[in-house]
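Undergrad: For the record, the sequence lines run as chains A, B and C.
Take the first sequence: its position 89, counting from 1, is numbered 694 in this note's numbering, and each next residue is one higher.
Take the second sequence: its position 7, counting from 1, is numbered 612 in this note's numbering, and each next residue is one higher.
Take the third sequence: its position 71, counting from 1, is numbered 676 in this note's numbering, and each next residue is one higher.
These aren't lab readings, by the way, just hints derived from the structure by calculation.
You may find that some hints are simply not true.
[Claimed, not checked] Part of the chain C face toward chain B, derived, beta carbon under 7 Å: (1) M606; (2) L608; (3) I613; (4) T617; (5) S640; (6) T644; (7) Q648; (8) H684; (9) S704; (10) I710; (11) T739; (12) F740.
Nothing here was measured: the structure is a model prediction, and the numbers come from that model.
In this text, a Cβ means the ideal position worked out from N, Cα and C, and glycines have one as well.
Below, each chain spelled out in residue letters.
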Amino acid sequence: MRLQHDHIEVRTKGKGTYEITDEVQARIEKSGVRSGTVTAFVQHTSCSLAMMENAASAARRDVERFFDRLVPENADYEHDDEGPDDMPSHIRMVLTRTSETIPIIDGQMQLGTWQGIFLFEHRRAAHRRRIHLTFIGE
Amino acid sequence: MRLQHDHIEVRTKGKGTYEITDEVQARIEKSGVRSGTVTAFVQHTSCSLAMMENAASAARRDVERFFDRLVPENADYEHDDEGPDDMPSHIRMVLTRTSETIPIIDGQMQLGTWQGIFLFEHRRAAHRRRIHLTFIGE
Amino acid sequence: MRLQHDHIEVRTKGKGTYEITDEVQARIEKSGVRSGTVTAFVQHTSCSLAMMENAASAARRDVERFFDRLVPENADYEHDDEGPDDMPSHIRMVLTRTSETIPIIDGQMQLGTWQGIFLFEHRRAAHRRRIHLTFIGE
């Protein structure tokens, strides 16, 4: 059993979902872990992780629109001094995920056929986002 | 320290919550891990995991009704070619969980008194659902 | 590689978010794990975990108000015999998190600058809440 740390960076260009599945898989290969788990952890408070359908881009747009309606930008927030997209971003993050642990067998993430890992960006401005990866296994 | 993989299958018969606590516990006993963690990971994009009250079935029905109202079937989705329950299922999955990591001591999951693990099925049709289990421990 | 268990207790005084970041960090130091992960697991069905902005208390109040509106106390629940705040607490728990896995390097949780770990209490009455911690690492 061994443990390794790594991280990936995603340059976001506004609100939306950015798939990171291939990049996480590439880091698993680099880590040498053949059997175990990878834990992805988003080190931010205005973006999050989502496991989603990765075949139909329309499905991703529907998810994004749902969150725009559920947590709207102008809802009379008390904390409103960092822009209209700031407070909704913190709420969306609480409703989605910060960490996700995914099994690895034979060096491959054990995802379902249509399952992808996405960074869910909740801010309008461009950001450089950091996702920590921890590999535990053999 | 050692690591083991296993999985369970759940045959669902429409939308709702299906308790898997006892089956996960049985697999822990089979794994031989006495102290550590089990990570459950759902390998699908239209069902998810929920940790819930397992005593009152009325509480489960209230949870299910809440999600039916929050993410309704006919909400003018762009991605609507796989049936009215398809797009809501992807959104409900983002709002709930794909992976959950639970501690094990003395071969027993350390759940609270009323706490159970549930597969949350979001599709109307019958499905065979696969939940991967990874055990890490001693 | 080694594995250790610990737990913390939080005495809550009604609905709201209670930061536990410093207490989790103190337990990491006690565990002796310098590189690895800590998994926090809430052993209850009416409170949950939230990763959140920890600088602005107004942001926390906005998150709490959002959940009060999204999952109101009087919504004609079938399961209503344990008080008006009981059923909403189970739903809020499903919408947030039970477990969270956080990386550790050099004995420090790898959190973002403004990122804190919070117990999210959903009941009105005072409670003593237990959060199990599992450390895996070197």
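Undergrad: Evaluate each hint against the coordinates.
TA: Right, here's what the structure says about each hint:
Given the 7 Å rule on beta carbons, the hint for C:M606 holds: about 5 Å separates it from the nearest Cβ of chain B. The closest approach between the C-beta of C:L608 and any C-beta of chain B is roughly 6 Å, which is under the 7 Å cut-off, so the hint is satisfied. Violation of the interface hint for C:I613 is found here, the shortest Cβ-Cβ separation to chain B being roughly 13 Å, above the 7 Å cut-off. Because the beta carbon of C:T617 sits about 15 Å from the nearest beta carbon in chain B, more than 7 Å, this interface hint is broken.
Hint status for C:S640: violated, given a least beta-carbon distance of 14 Å to chain B, over 7 Å. Interface restraint check for C:T644: the shortest CB-CB distance to chain B comes to about 5 Å, inside 7 Å, so the restraint holds. The beta carbon of C:Q648 is positioned within 7 Å of a beta carbon in chain B (closest approach about 4 Å), and the interface hint is therefore held. Given hint, C:H684 at the interface with chain B, holds; its Cβ is 4 Å from that chain's nearest Cβ, closer than 7 Å.
At a threshold of 7 Å, the smallest CB-CB gap from C:S704 to chain B is about 5 Å, leaving the interface hint in force. For C:I710, the shortest C-beta to C-beta distance to chain B is roughly 19 Å, which exceeds 7 Å, and the interface hint is violated. The beta carbon of C:T739 is positioned within 7 Å of a beta carbon in chain B (closest approach about 5 Å), and the interface hint is therefore held. About 10 Å separates the beta-carbon of C:F740 from the nearest beta-carbon of chain B, more than 7 Å, and the hint is not met.
The structure does not agree with the numbered hints 3, 4, 5, 10 and 12 stated previously, though it agrees with the rest.
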